[in-house]
Structure formats: structure tokens, C-alpha cells
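Protein chains: 2
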Amino acid sequence: MADPGLFEIMFSLRSMRKLKTDPIPQDVLDKLLAAGTQAPSGQNTQPWAFIAIQDPATKKFVQEKYDAGIKERFGKFSMDKIGDDTTEKRTTKAALHLSERMHEVPLLLMVCGKRDWPFQTLPENRTGKAPPNYGAVYPCVQNILLACRALGLGASLTTTHRLHEAEIAERLGVPDDYGLVVLIPIGYPKGKFGPISRTPPAELTHYDSWGTQTPPG
Amino acid sequence: MADPGLFEIMFSLRSMRKLKTDPIPQDVLDKLLAAGTQAPSGQNTQPWAFIAIQDPATKKFVQEKYDAGIKERFGKFSMDKIGDDTTEKRTTKAALHLSERMHEVPLLLMVCGKRDWPFQTLPENRTGKAPPNYGAVYPCVQNILLACRALGLGASLTTTHRLHEAEIAERLGVPDDYGLVVLIPIGYPKGKFGPISRTPPAELTHYDSWGTQTPPG
Chain A
58 MADPGLFEIM
68 FSLRSMRKLK
78 TDPIPQDVLD
88 KLLAAGTQAP
98 SGQNTQPWAF
108 IAIQDPATKK
118 FVQEKYDAGI
128 KERFGKFSMD
138 KIGDDTTEKR
148 TTKAALHLSE
158 RMHEVPLLLM
168 VCGKRDWPFQ
178 TLPENRTGKA
188 PPNYGAVYPC
198 VQNILLACRA
208 LGLGASLTTT
218 HRLHEAEIAE
228 RLGVPDDYGL
238 VVLIPIGYPK
248 GKFGPISRTP
258 PAELTHYDSW
268 GTQTPPG
Chain B
58 MADPGLFEIM
68 FSLRSMRKLK
78 TDPIPQDVLD
88 KLLAAGTQAP
98 SGQNTQPWAF
108 IAIQDPATKK
118 FVQEKYDAGI
128 KERFGKFSMD
138 KIGDDTTEKR
148 TTKAALHLSE
158 RMHEVPLLLM
168 VCGKRDWPFQ
178 TLPENRTGKA
188 PPNYGAVYPC
198 VQNILLACRA
208 LGLGASLTTT
218 HRLHEAEIAE
228 RLGVPDDYGL
238 VVLIPIGYPK
248 GKFGPISRTP
258 PAELTHYDSW
268 GTQTPPG
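First to last, the protein sequences are chains A and B.
Sequence positions in the first sequence follow this note's numbering and run 58 to 274.
Sequence positions in the second sequence follow this note's numbering and run 58 to 274.
Next up, chain A with everything else stripped away, as it sits in the complex:
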């Protein structure tokens, strides 16, 4: 398979939440994980680990906890009451679709983050139980999402499992020194990749000091 262009990939990387049930071949999964582990991390600590969840009963357990989290976070939506007239509503509808059918997705990839990372001097880690190294894990997650798109797989970045993280960690047998940072449901997409809606970067960019939004010179 040809190696598709980076910018072409980035500019068509829609979150794909409606996925087919066809399984993911092992060699494809291996390629996703190789891409993830190429990400940079502080002092090359690589503080991540992966759980590839494909067993039906385990997927169902995770789906139920995830869906409970979605209902807690967003309230009890009635699918019938959500229209199709805005991007936000379409996204919400797709998110609910995924939440209720996550156990039918062929691969739930849990990306774990190690807690005992070296930079305990950072303000957010000075007290209490150290959180997982979110910063270090997300570049790895983004590489996996880009690799999915390159290989024709649909995926989305989800975090709502964290509302029931302790129960899921117990079920999966994850040791205490790892947090369950991101859950990526992966499958061949039913829809098509395409352009995505974003704020123009110029509106978010400042030059030398905040508020100067015209490039110098």
C-alpha cells in the first residue's frame, strides 16, 4: 500500500464513529502501534502501554461503563429529539450511536499512561497521587489516529471511560501505576473521510505578544 501524504491525511481526518464489525488484521494493528510508539516523550521515557480489547465480553463490559459515563456527562438524550440540522447535533448523535454500540466495534484500543514520570516538579504534579502523563500519551494517540486514517480505518479519541476508570482498570487488571487515559474505538468506517470544520488558524495566532495578530515585517 502506498504511503499517503501527511497533509492529505491530516486535512481529512474526521472522527469516525459509525464503524463496521469486520475485524482488524493483526499486521494492521501492529502498524498502528508502531506509529504510536514513534511519538516523542520527555527524556524518551515512552510512558505508555496498550490494551487491545477484542474479546466480546470484555468489550461489552467497557461499553456499559462508557455508556453510563456518557449518560452522566450529557444527560439522558432522546435520540428522536435531536435533529440533523447542525454539525454539533450530528456529532452528538454519532457519539451516542458509538456509545450504545461500542461493543460491536472490532477493536477498542485502551492507551494507558504511566504515573511515575520524571517531571514531578511541574506544578500540577506537586501534590497527591500523580496523574498519568497526559502530555506524553497524547502525541502517541495522535500518531495512532493519523495511522488509522492512512490505513483506511475509522477512529475517534474518547475519554468518557474515565468516569468509571477504577472499575474498568480492575476488570482489565491494570496495575495502579498506570492510568487509563484514552480509549480509541477502531474499525473500518461506514462513512467517508473528508474536510473538517475548524477555526482559521490566523484567528488563534499572536505575534510576540498576546493581542498582536498581524505578522511582523
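Each hint should be verified, as a subset may be incorrect.
Because identical chains cannot be distinguished in the list, a pair is counted as satisfied if it fits within a single copy or across any two copies.
In silico lysine to aspartate or glutamate, EDC-like type, Cα no more than 16 Å apart, as pairs [to be verified]: (1) Lys117 with Asp265; (2) Lys88 with Glu65; (3) Lys116 with Asp265; (4) Lys249 with Glu65; (5) Lys88 with Glu260; (6) Lys247 with Asp79; (7) Lys122 with Glu224.
Honestly, the hints are just simulated from the structure, not real lab data.
Once you have looked at the hints, place chain B on chain A.
For chain B alone, kept in the frame of chain A given last:
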């Protein structure tokens, strides 16, 4: 310029800390920022903003704070006492090189993260002043690093400015609702891109439950 392959980019994306002083053309910077803003974020909130620092006096201010942070974090190294015999030592030496010459780098790109993000139900945000949305900002950062590599620019992901974040935020005039999450020094590299050293993904991958490291079936 041809759009280079995604996997080729990922597998040769070394952190580049020795950089030339040649300026970055505005159209190249625009392309980096466009890549960054393609990243996904929860409910498409895009909670990031950029400060492109190119003014010599502002770069010098940031360099001094950054270098002070490096010295606090790693102690006072003597460059002479660090050998060249291990990758770790080479990396440390390059990090010190960058820290002491950061004001000579043509572009210091500060990636800011908005604090008032929607998911205050996550455990790490339940108390105190909300941290910036690290999770949301890092996929954007990774896209920028990949775009740098694709365009022949050297870059590295740094966070040590956070040890003096308040002073830098004041100098740059950043409002309180944004944190200074990642600082990316960017320039044309003196060295060459190439393969990077990583743990084989199979050693970090579990199937269905932690400890099962053989794929099923």
C-alpha cells in the same frame, strides 16, 4: 513540494535541537499552524492558541527563563563532564545546547491551552484552578511536529518553561484563562533526520487483559 508519506515522516521524526538561525517564511509558519489546528478536540472546542515569538528581546527573555528552569530541573551540568558515549548523554548535551542558545532559534512557538474546557467532571479537574486542557493541546502539538518534519524543519517538544510560567505569561500578556503548555523551538536543522530509538511495541501491548502479551487466535 511533494506531500511526503505519513509513515516515512513518523519513523524519521527525531527531536532536532541544533538549529540554524535562518528565518521561517510566513507561508511555512501558516502551514504548520494549519496542520496543528486540524487536530481533534472534545466537542471540537479547539482550546488552543499560538504565540509565534520571533522578536530578539522577547526570545532572550524566554530563553533566560527556560534555561533557569533547565538548571533547576537537572542541576548544574558541566558540559565538559558529559561524554558522547550514550544516546542519553548526547540527548542531554543537545538539550543543554538548545537551552543556552534558544534565543538564536528563529521561531519559538508557544502553544497555549484554554483552562475553561467543558469536561470539569474529570477527576483531575474537580478541585482548584483548572489546569489547561493538556489532552486537547498535545494532538495539535504532535501535528505541528509532524508538519515541521514534512517541511524540512527541525523542532522539539519542550515544557521546562512551565517552571517560570507566570513570569513568561506576564511578559507575553497571556490572559489568565490560558496556560502555556508547550514551547516548540523551530528552525532549519543542522543535523539529519533519521531512525529513532524506541521500545518494540509488542513489549508494551496487552490483549484483552493486562499481562496477556500474545495476540489471540
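Hints, verified against the model:
Taking the shortest alpha-carbon separations for Lys117 and Asp265, only the inter-copy value of 12 Å comes in at or below 16 Å, while the best intra-copy value is 51 Å. Proximity of Lys88 and Glu65 under a CA criterion of 16 Å is satisfied inter-copy only: 13 Å between copies versus 19 Å inside one chain copy. Only between protomers do Lys116 and Asp265 lie at most 16 Å apart by alpha-carbon distance; the minimum there is 9 Å, versus 49 Å within a single protomer. Proximity of Lys249 and Glu65 under a CA criterion of 16 Å is satisfied intra-copy only: 14 Å inside one chain copy versus 25 Å between copies.
With identical chains, the CA atoms of Lys88 and Glu260 are at most 16 Å apart between copies only, with a shortest distance of 14 Å across copies and 36 Å within one. In this homomeric assembly, Lys247 and Asp79 come within 16 Å of each other (Cα to Cα) only inside a single copy, at 11 Å, whereas the closest approach across copies is 46 Å. Proximity of Lys122 and Glu224 under a CA criterion of 16 Å is satisfied intra-copy only: 8 Å inside one chain copy versus 43 Å between copies.
When the structure is compared with the earlier hints, no violation turns up for any of them.
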